[in-house]
Amino acid sequence: MANGIEDVLSRGASSLDITPTMFKEATSHYKAVGEFLGNNGIEADVSPCGSILTGTVVRPYSENDDAYFDIDVLVDRTGHLSQSIPPSEARRQVEHALLNSDRYGEMTTTCRECETVEFVANGIEGGFRLDLNTCVKDPNGSLGASTHAVKSVAIAWKDPDEWHGSNPRGLCEWFIEKNERFAAAGRALRKAEIFRGSKGVFSSVEEVPDSLDRSAMQRAVQVLKRSRDEYYARRRMPERKPASCVIMVLVGYLSGELPNSATIADFLLRFSERACAMLSSGPSSRALENPVYNENMIESWDDVDFEVFSLWTGEIAQNVVDLREGTPAKRGMAAEAVFGSKIGKKALPASLAVAAAPSIVTPSKPWAK
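Count along the sequence shown from 1, add 1, and you get the number used in the numbering used here.
A portion of the hints provided could be inaccurate.
[Stated by the list, open to error] Below 27 Å or equal to it, Euclidean Cα-Cα: the simulated DSS-like pairs (lysine-lysine) are:
1) Lys192 - Lys347
2) Lys159 - Lys32
3) Lys32 - Lys138
[Stated by the list, open to error] Here are the computed distance ranges between Cβ atoms for each label pair:
4) Ala186 - Ser286: 35 to 41 Å
5) Gly106 - Leu312: 43 to 49 Å
6) Thr148 - Gly106: 37 to 43 Å
7) Gly128 - Asp303: 31 to 37 Å
8) His30 - Glu194: 21 to 27 Å
9) Asn101 - Ala278: 48 to 54 Å
10) Glu326 - His30: 43 to 49 Å
11) Lys343 - Leu312: 23 to 29 Å
12) Asp303 - Gly39: 43 to 49 Å
13) Gly106 - Asp304: 43 to 49 Å
14) Ala186 - Asp162: 44 to 50 Å
15) Ala278 - Val322: 15 to 21 Å
To be clear, the hints were calculated from the coordinates, so they are not data collected in a lab.
All of these numbers come straight from a predicted model, not from anything done at the bench.
All residues carry an ideal CB built from backbone N, CA and C; glycine is no exception.
Modelling step: build the complete structure from the supplied sequences, incorporating the hints.
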């Protein structure tokens, strides 16, 4: 089932992906927010970051089919530095404009990290949320002087007010650069297929953005993100699941060990084999260096986090083996372990579909030896 496993993994990831219609709608909405802020005297560069930019977006994990997509957006207060404006002032201007507008007021909520504008479900495709992160340039946070590293920003947090250093745009660009050699082959054919299935969203193949194209590397990240959600939910440990950016960076690092022709399954197996070793920086210390910012991305992890992560990576390998070589029953169980019952059944060809949901596991203490 060498080709079959790729079909299953790709089909499952595609079922979780944002559609061309929603992508175009989200793009028009964040551009409209930027125009709105400008019309209210707030100079800002409003642009996407995160999974919608890297092409690794998946519908948030939920039993609700209408779970909204979360779209991360930077509201970069151009002309300001973290030393020249307090976070409360940079944030207050954006928050005040949104909450007091007839257009966005009832759609906007605010939390410590960002303002969220929620767009209601559109037909059968569900809705989405724009998470607007107000930020300023932060040259002091750069890791080196690379093109990506110098895009560091300080994000305005409140209650208490502070500048939170980060480099989301640089990290996205780093991943896109790593992905390019895997995406280049077959891109024209994939974009032609997207165009044919876009139902008039685009008037030509040339209009289909690269952000909607998916390489094996991008599909692997999508599969890993959903496998993570399913695994940690079954273990009843959702609060310990690794952040999506950790998965993306690990895949980005290990991509250098794979050929241009690597498949989704190749990425999953390499992740399973190498991820834990890549997080170990010594006998008693663990770290994952952010490639574009001066931080350890797993600084908050404890022994339990690492142990459960290790168990999850082991299940990934077993699921790949079962999808490739297992009996129909094992293939069905593996597909549902990765994608959940509903999407797992959709991902598997009808001839191999078997009603076999993964069992619920209540661990004792996985860190106990």
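Going down the list of hints, with the structure as the test:
1. Lys192 - Lys347: Holds, at about 23 Å.
2. Lys159 - Lys32: OK: Lys159 and Lys32 at ~25 Å, within 27 Å.
3. Lys32 - Lys138: 20 Å, holds
4. Ala186 - Ser286: 35 to 41 Å: 39 Å, holds
5. Gly106 - Leu312: 43 to 49 Å: 46 Å, holds
6. Thr148 - Gly106: 37 to 43 Å: 39 Å Cβ-Cβ, so the 37 to 43 Å window holds.
7. Gly128 - Asp303: 31 to 37 Å: 36 Å, holds
8. His30 - Glu194: 21 to 27 Å: 26 Å, holds
9. Asn101 - Ala278: 48 to 54 Å: 52 Å, holds
10. Glu326 - His30: 43 to 49 Å: With Cβ atoms ~45 Å apart, the hint holds.
11. Lys343 - Leu312: 23 to 29 Å: Check passed, 24 Å falls within 23 to 29 Å.
12. Asp303 - Gly39: 43 to 49 Å: Distance hint for Asp303, Gly39 holds at roughly 45 Å.
13. Gly106 - Asp304: 43 to 49 Å: Roughly 46 Å apart at Cβ, these two residues keep to the hinted range, so it holds.
14. Ala186 - Asp162: 44 to 50 Å: 48 Å, holds
15. Ala278 - Val322: 15 to 21 Å: 20 Å, holds
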